[in-house]
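Asker: As a plain string of letters, each chain reads:
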Amino acid sequence: MTMPSAVWRDVVRIREAAPLVHNITNYVVMNTTANALLAIGASPVMAHAIDEVEDMVRLAGALVINIGTLSPAWVDAMVRAGREASRIGIPVVLDPVGAGATRYRTDTAQELGRDVSPAIIRGNASEIRALAQADATTRGVDSTHSTEESVDQARRVAGQYQCTVSMSGATDIIVSRDATVRVDNGHPLMPRVTGLGCTATALTGAFAAVNPSAFDAAVHAMIVMGIAGEIAAERATGPGSFWVQFLDALYGLQESDITTRMRASDR
Amino acid sequence: MTMPSAVWRDVVRIREAAPLVHNITNYVVMNTTANALLAIGASPVMAHAIDEVEDMVRLAGALVINIGTLSPAWVDAMVRAGREASRIGIPVVLDPVGAGATRYRTDTAQELGRDVSPAIIRGNASEIRALAQADATTRGVDSTHSTEESVDQARRVAGQYQCTVSMSGATDIIVSRDATVRVDNGHPLMPRVTGLGCTATALTGAFAAVNPSAFDAAVHAMIVMGIAGEIAAERATGPGSFWVQFLDALYGLQESDITTRMRASDR
Amino acid sequence: MTMPSAVWRDVVRIREAAPLVHNITNYVVMNTTANALLAIGASPVMAHAIDEVEDMVRLAGALVINIGTLSPAWVDAMVRAGREASRIGIPVVLDPVGAGATRYRTDTAQELGRDVSPAIIRGNASEIRALAQADATTRGVDSTHSTEESVDQARRVAGQYQCTVSMSGATDIIVSRDATVRVDNGHPLMPRVTGLGCTATALTGAFAAVNPSAFDAAVHAMIVMGIAGEIAAERATGPGSFWVQFLDALYGLQESDITTRMRASDR
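Chains as they are written, first to last, in the working numbering: chain E, 1 to 267; chain R, 268 to 534; chain H, 535 to 801.
The hints are simulated quantities; they were obtained by calculation from the structure and are not laboratory data.
Glycine is no exception: its CB is placed at the ideal position from the N, C-alpha and C atoms.
Check each hint, because a few of them may be wrong.
Claimed, not checked - Derived list of chain E stretches under chain H, where covered just means 3 residues or more per stretch with a C-beta under 8 Å from a C-beta of chain H: (1) 23–35; (2) 169–183.
Unchecked claim - Selected chain E positions facing chain R (Cβ under 8 Å, derived; list incomplete): (3) A101; (4) R105; (5) G113; (6) V141; (7) T144; (8) S146; (9) R192; (10) V193; (11) T237; (12) P239; (13) S265.
All chains, full assembly: derive it from the sequences and hints.
Answerer: This is the structure in structure tokens:
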């Protein structure tokens with residue numbers, strides 16, 4: 001069962017250990033996900049050159065791969081880094097941004113799923129459906145499906161790639177082949193800020209770096225994400241101030257925030 | 268004649284339809300223009316891989332091409348996407364960032380103007396002059412000419428590329444071959460924030476996605492841009508807080524803001 | 535001796551002349567360093583295409599080279615631009631981000647140090663140690679050494695590349711072969727925001743564009759950086775609001791801020 005104390009323990013571990021999170025991610029969110037990782041207490045690095053990704057990932061506690069603005073040279077680096085990470089036991093978190101929107105994205109996401117042995121795949125419902133080769137209609141990078149109607153597909157992806165699937169939406173649903181957790185934290189302003197999904201992926205990397213259970217790491221990251229979003233929304237007057245407050249909320253997060261706000265159910 | 272009610276109608280359409288705006292843009296503004304598009308109610312996607320730009324643009328309501336940090340592979344993708352957009356009738360907005368500063372930028376901007384049939388070209392006065400092959404001295408990406416002294420060149424560009432030209436400055440001047448609108452909304456803090464011109468271009472894409480008249484879309488976008496800038500400036504203490512407030516102002520924009528603040532003249 | 539009036543004179547010069555600072559920098563900080571340069575009064579341009587970097591740098595008052603997300607094509611452009619800048623006497627500021635973390639970064643940083651004749655190298659202690667080929671353990675892009683224990687290495691780098699070395703940390707230490715200044719301005723929140731080191735490098739470029747002494751430019755930039763950080767921290771509730779306030783503080787900086795807050799010693 002998901003306990004607030006276990007979520008908090010991971011936050012404390014991140015703050016104490018400041019794990020290096022190696023990101024090969026998209027241009028849109030490089031700055032914002034680096035800031036989110038710093039705010040929670042991790043140490044982000046962005047590096048994509050084929051000549052250094054293996055060296056870099058060996059220093060890291062987790063590898064985050066995000067195909068938001070993919071191109072062939074970047075995908076090569078993702079594969080190279082991901083294989084090395086898997087070989088030496090560093091958890092890989094894969095965000096298949098926009099899978100389902102174009103064939104190139106769907107194919108690349110599936111290829112990465114096979115080649116880099118992700119511990120966690122984190123995406124919205126449409127992206128997860130595209131990986132499941134189910135009916136997936138995506139509008140660009142936004143989902144047109146709810147998470148609730150996509151649980152079967154998420155479970156299929158978890159089985160297919162032998163990983164945890166963290167599917168975000170109004171309700172976040174995290175599944176493995178035999179477990180399911182629903183997280184109801186969050187706020188409607190969150191999809192009005194670019195890259196919040198990518199931020200969830202990056203934070204998931206930080207949690208995976210300190211928690212040996214990929215499933216628990218994914219759950220804890222989504223809880224912290226949602227709670228920080230709620231705190232930020234209470235202080236914001238729109239999406240601009242929301243992002244500022246979100247970083248401050250991550251940075252200032254206290255155990256009582258988790259205890260009083262967490263809405264997660266193991267069903 | 269430009270009516271506040273027509274501007275507002277476009278804002279409502281954007282909020283209701285959430286048109287997908289496909290951006291092939293520069294690294295500096297990917298995050299900020301995505302956030303501006305989300306704040307006004309559109310759905311941004313950034314994608315530049317030659318393997319997917321045609322697939323992506325077919326899902327979009329408008330294509331925004333911005334050469335701010337151009338390189339040959341990106342220009343290839345811009346041409347590919349722009350041609351497909353024109354072929355199937357999706358409006359293209361071209362921002363010739365820095366045309367006039369280097370020969371490579373000027374040549375590329377002219378080549379794109381010819382190859383992608385933009386519905387709207389949006390730039391500062393120096394950039395428009397460079398496209399008109401007039402005397403164009405640019406300092407990097409900032410204009411050294413006023414819009415008022417560049418109206419003839421804007422008209423020439425409109426004729427040459429058979430498009431609307433939206434030229435931003437202290438007074439924004441939007442011209443087609445036979446119409447002219449001047450917009451006096453805006454605030455002096457705006458040029459102290461990076462990429463506000465690129466934001467205007469991105470928003471123009473959102474308006475072009477919902478308004479079949481490219482000219483009206485360009486005018487309405489500059490009015491909304493300027494009014495949001497004025498609201499933001501009233502709440503800001505410098506360029507950092509300005510940007511935060513600008514996103515909040517776009518998100519919270521009301522019809523009365525347009526009615527009371529709009530300063531546009533058809534002359 | 536470092537005088538507040540000399541620092542302020544440079545700020546005034548930047549605001550009056552708005553020098554063009556050409557940046558070939560990393561994806562993470564393109565937006566934020568452009569905003570910092572605009573806030574202090576300079577005019578930033580980001581351009582990296584091999585076809586235009588020489589044309590662009592000839593328009594500039596300073597060139598900033600930052601290897602934060604390096605790859606071979608970008609390094610080629612850095613070398614090309616840096617050589618042209620040196621040939622015509624435009625100061626080059628080099629930020630060897632992450633040198634010491636991977637062999638590729640260390641080699642590239644050393645190669646750039648030799649090839650582009652930087653006037654100033656600005657980095658953290660680990661990066662400077664990597665350039666000195668001293669024991670350099672880097673965790674990604676964060677330093678594991680203090681500046682105080684790395685002064686000898688900084689002096690060696692200054693001699694080796696015949697440049698000023700500006701080494702940032704809790705105490706910033708700026709050295710040439712025969713001079714040393716320590717700057718104690720700054721705030722612990724600063725390393726919790728991504729790219730603050732890169733921002734220091736960019737601002738150093740603006741100061742180098744208006745001050746013929748590279749050493750003084752480096753010192754003045756770090757003082758302004760630290761003081762703006764202190765002002766921002768007083769108004770911030772975390773790293774999100776810190777960055778907003780930092781830009782506002784740079785923009786609103788007054789002579790009295792420098793007079794009352796400067797903590798620099800020539801020892």
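Asker: Does each hint fit the structure? Answer for all of them.
Answerer: Evaluated hints:
Coverage of the segment 23–35 of chain E by chain H holds in this model, with 5 residues showing a Cβ closer than 8 Å to a Cβ of that chain against a need of three. A count of 0 residues in the segment 169–183 of chain E with a Cβ less than 8 Å from any Cβ of chain H is obtained; the coverage claim is therefore unmet, three being the minimum. Among the interface hints, the one on E:A101 holds; its C-beta lies about 7 Å from the nearest C-beta in chain R, closer than the 8 Å criterion. Interface hint status for E:R105: upheld, as the beta-carbon distance to the closest one in chain R is roughly 6 Å, under 8 Å.
The restraint placing E:G113 at the interface with chain R is violated, with a minimum CB-CB distance near 18 Å, outside the 8 Å limit. The interface hint given for E:V141 holds, since its Cβ lies 5 Å from the closest Cβ of chain R, which is under the 8 Å cut-off. Hint on E:T144 is violated. Least Cβ distance to chain R is approximately 11 Å, over the 8 Å limit. A cut of 8 Å between beta carbons decides the hint on E:S146: the least distance to chain R is about 17 Å, and the hint is violated.
With 8 Å as the threshold, the beta carbon of E:R192 comes within range of chain R, its nearest partner Cβ sitting at about 5 Å, so the hint holds. The restraint placing E:V193 at the interface with chain R holds, with a minimum CB-CB distance near 7 Å, inside the 8 Å limit. Look at E:T237: its Cβ gets to within about 5 Å of chain R, closer than 8 Å, so that hint holds up. Residue-level restraint check for E:P239 holds (minimum Cβ-Cβ distance to chain R is 5 Å; threshold 8 Å).
Given hint, E:S265 at the interface with chain R, is violated; its Cβ is 30 Å from that chain's nearest Cβ, farther than 8 Å.
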